[in-house]
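Given next are the chains, with one letter for each unit.
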Amino acid sequence: MAKKPENAAEFEGRSPAHRKAVFEALVLVHLNSAYTLARYLTRRGDIAEDLVQEAFLRAYRSFDESRSTNARAWLLTIVRNCFFTWKAGGREDLPQREPSEAGTSFERGGGEVEVDETPESILIRHEEDRTTRALIEKLPHPFREVLVLRDIEEMSYREIADITGVPMGTVMSRLARARKMFAAAWEGSQTKSPKEMLR
Amino acid sequence: MNAVSRPCPERELLLHGLADGELDAANALAMEEHLRSCSGCAATYSGIIRQRQLFKNGGLRLDASLALRGRIRAAIAAEEEPLPESVRGQRTNPRSSWFPRAGIAFSAMALAASLLLFVSSQNPAPSLDEELVAGHVRSLLASHLTDVVSSDQHTVKPWFLGKLDFAPPVVDLSKKDFPLIGGRLDYIGGRVVAAIVYKRRGHVINLFVWPAGKLQAVPETAEGYHLLSWTQGGFSYAAVSDLNPEELRDFRRAFEESLA
Numbered sequence: 064m065a066k067k068p069e070n071a072a073e074f075e076g077r078s079p080a081h082r083k084a085v086f087e088a089l090v091l092v093h094l095n096s097a098y099t100l101a102r103y104l105t106r107r108g109d110i111a112e113d114l115v116q117e118a119f120l121r122a123y124r125s126f127d128e129s130r131s132t133n134a135r136a137w138l139l140t141i142v143r144n145c146f147f148t149w150k151a152g153g154r155e156d157l158p159q160r161e162p163s164e165a166g167t168s169f170e171r172g173g174g175e176v177e178v179d180e181t182p183e184s185i186l187i188r189h190e191e192d193r194t195t196r197a198l199i200e201k202l203p204h205p206f207r208e209v210l211v212l213r214d215i216e217e218m219s220y221r222e223i224a225d226i227t228g229v230p231m232g233t234v235m236s237r238l239a240r241a242r243k244m245f246a247a248a249w250e251g252s253q254t255k256s257p258k259e260m261l262r
Numbered sequence: 047m048n049a050v051s052r053p054c055p056e057r058e059l060l061l062h063g064l065a066d067g068e069l070d071a072a073n074a075l076a077m078e079e080h081l082r083s084c085s086g087c088a089a090t091y092s093g094i095i096r097q098r099q100l101f102k103n104g105g106l107r108l109d110a111s112l113a114l115r116g117r118i119r120a121a122i123a124a125e126e127e128p129l130p131e132s133v134r135g136q137r138t139n140p141r142s143s144w145f146p147r148a149g150i151a152f153s154a155m156a157l158a159a160s161l162l163l164f165v166s167s168q169n170p171a172p173s174l175d176e177e178l179v180a181g182h183v184r185s186l187l188a189s190h191l192t193d194v195v196s197s198d199q200h201t202v203k204p205w206f207l208g209k210l211d212f213a214p215p216v217v218d219l220s221k222k223d224f225p226l227i228g229g230r231l232d233y234i235g236g237r238v239v240a241a242i243v244y245k246r247r248g249h250v251i252n253l254f255v256w257p258a259g260k261l262q263a264v265p266e267t268a269e270g271y272h273l274l275s276w277t278q279g280g281f282s283y284a285a286v287s288d289l290n291p292e293e294l295r296d297f298r299r300a301f302e303e304s305l306a
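So the protein lines, in turn, are chains W and E. If you number the first sequence the way the numbering used here does, the last residue is 262 and the count never jumps. If you number the second sequence the way the numbering used here does, the last residue is 306 and the count never jumps.
Careful, some of the hints might be misleading.
Below, computed lysine-lysine pairings styled on DSSO-like, alpha-carbon distance capped at 27 Å [as the list claims (entries may be wrong)]:
id : chain 1 : residue 1 : chain 2 : residue 2
1  : E       : Lys102    : W       : Lys201
2  : E       : Lys245    : E       : Lys209
3  : E       : Lys203    : E       : Lys222
4  : W       : Lys150    : W       : Lys201
5  : E       : Lys222    : E       : Lys245
6  : W       : Lys243    : E       : Lys102
Hint data in this document are derived by calculation from the structure and do not stem from the laboratory.
Only chain W is shown next, with the shape it has when bound in the complex (with noise of 0.2 Å):
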């Protein structure tokens, strides 16, 4: 659907409802991505949403049309300063709930459901999957956080080398590193399986 022109025109001088419809084009559209980051960065779903939230009104306070060329990647570096801040703040006050509370946010989600699929291949992937999810929790941050941002969120080096802050070369090494981490934990997982993802 082609863009009308005299509608572009129109939307210049709306204000605030126009920015926030930009926003919402522009930023609010990568709310999963910024959830998914945040809920593997806590572990935790409650505070994944608080910090997702927090992240949104910094980005929506400092936000500009600038901002509009990668937009995910920006909201994901605020995403992360929110986690840090957190992490900083007293997080070992934190309670810790059990696994399966904490879980529920999972379950929430999840792709949609394909036609031809049966219910017992449903339920391997999604065991696959609560497998698989629960082996990236247990990463150390920096190899959890390069295996987020490049095997789930598909960002490129580049992108992780801004969001991290560190050079590209560190992105590499970590994420060999967090995918051989990986690996091995998967194998330990699968001990029937004789197949090596990695070695």
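Following the hints, put chain E in place on chain W, whose structure we already have.
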């Protein structure tokens, strides 16, 4: 895992770069060449590919809840709007009120603060007309006018089934010169609603539909757009467009008549 099948140490990062599509053409070609002759690198490479597949099936990305989406939109709206006097007194400092909740959980102070937060997150919700206009503008901006593109009501109507907890009426108004463009889901007033898209002479009309409930009055214009809301047959309708008010009323009449 014997030494023979280990990757060449100096090529390890390049294997990942190749799997991630990050190598330039020359390096990619050289690595592909190398993979044909080095079993260690080839085995490592296929391991990386297998792991990428495992991650790619979609189940690892997480969807934020609709409640969180609503909270964020309400918080953003609250940033822009002066609060009514009745609410102002209840609000804690809006610049810092959201986040510290996590850090001081379960103390009495946090409990009190979270009650305030609950109140403040409920009250400054954007008004219905602002949400409708925002939904309309968003549909034009994000090349996200429609999730299902069809001028056939028998395609658009079933598309909504299973995505909504109600079945919005979708009618063909092309004879009245309001061709059907398609439909999509939107989020208005804290719930998922149907947005049915029509056009007249290149002007987009978003018709938002949800089960009739507390119908809020909507002004006829907001932010330069025209709005028209009505209730019919158990549904609330709100049409938003830059079309002139007369033609928007024609649209409503045509829609109502086709349902009658």
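**Request:** Against the structure, test the hints numbered earlier, and report the numbers of the ones violated in rising order.
**Result:** Failing hints: none at all.
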